[in-house]
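Visitor: So for the sequence shown, my numbering puts the first residue at 1; every next one is plus one.
It is possible that part of the hints are untrue.
Listed next, with one range per pair, are the computed distances between beta-carbon atoms [stated by the list, open to error]:
(1) ILE141 x TYR26: 43 to 51 Å
(2) ILE144 x ILE181: 29 to 37 Å
(3) LEU153 x ASN184: 25 to 33 Å
(4) PRO102 x ASN37: 31 to 39 Å
(5) ASN87 x PRO149: 31 to 39 Å
(6) LYS34 x LEU153: 39 to 47 Å
(7) GLY176 x TYR26: 25 to 33 Å
(8) ILE23 x ASN104: 26 to 34 Å
(9) LYS118 x PRO151: 36 to 44 Å
(10) LYS192 x LYS56: 23 to 31 Å
(11) TYR26 x TYR132: 19 to 27 Å
(12) TYR26 x VAL76: 44 to 52 Å
Derived pair list, reagent style DSSO-like, types lysine-lysine, alpha-carbon separation capped at 30 Å [to be verified]:
(13) LYS63 x LYS20
(14) LYS189 x LYS56
(15) LYS118 x LYS155
These are computed hints drawn from the structure, not numbers from a lab. For clarity, every value in this text was computed on a predicted model and none was experimentally measured. All residues carry an ideal CB built from backbone N, CA and C; glycine is no exception.
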Amino acid sequence: MSNKKQVEKNHYFNKKYDSKNRIISYWQQIEEVKKCNPESILEIGIGNKFVSDYLKKHNYNIKTMDIDPDLEPDKVGSVTDIPFEDNSFDCVLCCEVLEHIPFNQFRVALKEINRVAKRRVILSIPDASRKYRFLIQIPKIGEIKFLIPIPRLKKLEHKFDGEHYWEIGKRNYSLGKIKDIINNVNGLKLEKTYELFENAYHRFFILKVIN
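Turn these sequences into a full structure, and let the hints guide you.
Guide: Below, the structure written as structure tokens:
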């Protein structure tokens, strides 16, 4: 299955794109990669190369892949047809990418990611669920942060906006459904999922490869 680029290169290189929330998400991606201590990394969907450039400067062996040749990735390709050999990378990083393909290709993409990964997969996907955000500062203890979901009487229906085909928390795309699909891909095990306190729109999924 092939997919086409949705935006031009300049979309990724402006002040509006690199918001504070997005920078926080970059930081979290980097932290999750560090925890894996990988010898080889594949980043799928490179945007402005913030994450891959940082990792390269810190001596990580990272290859990049994107659907858009104008972004100058190491390989041009689709997440549903990854142009690398089986078990090529210790860690595969694929953040804010999977919502850009039709939902019926989600499982196909996961299988391809699993095929090229040896140890760990790091995903992030937009989560449109509403939350209250609380931060409490307690002397001698420090900060306590937590999110409380705000239930909706009626789930929002997602409408394709030219970029996102679907988002978690909208009608037919519950978190439980996404977790079930991940766990039903042979060779992948969901270890944890969480939202960033500062940017709850980006939900992370940390997967273990069990091939």
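Visitor: Work down the list of hints and note, for each, if the structure agrees.
Guide: A quick look at each hint next to the structure:
1. ILE141 x TYR26: 43 to 51 Å: 29 Å, violated
2. ILE144 x ILE181: 29 to 37 Å: Check passed, 33 Å falls within 29 to 37 Å.
3. LEU153 x ASN184: 25 to 33 Å: Once the Cβ atoms are compared, 30 Å apart, the range 25 to 33 Å for ASN184 and LEU153 holds.
4. PRO102 x ASN37: 31 to 39 Å: At 35 Å between Cβs, range holds.
5. ASN87 x PRO149: 31 to 39 Å: 38 Å, holds
6. LYS34 x LEU153: 39 to 47 Å: 41 Å, holds
7. GLY176 x TYR26: 25 to 33 Å: Holds, at about 28 Å.
8. ILE23 x ASN104: 26 to 34 Å: Holds, at about 33 Å.
9. LYS118 x PRO151: 36 to 44 Å: Holds - the Cβ-Cβ distance for LYS118 and PRO151, about 40 Å, lies within 36 to 44 Å.
10. LYS192 x LYS56: 23 to 31 Å: 27 Å, holds
11. TYR26 x TYR132: 19 to 27 Å: Holds, since TYR26 and TYR132 (Cβ atoms, about 25 Å apart) stay within the stated range.
12. TYR26 x VAL76: 44 to 52 Å: For VAL76 against TYR26, whose Cβ atoms are near 23 Å apart, the range 44 to 52 Å is violated.
13. LYS63 x LYS20: 26 Å, holds
14. LYS189 x LYS56: 28 Å, holds
15. LYS118 x LYS155: 37 Å, violated
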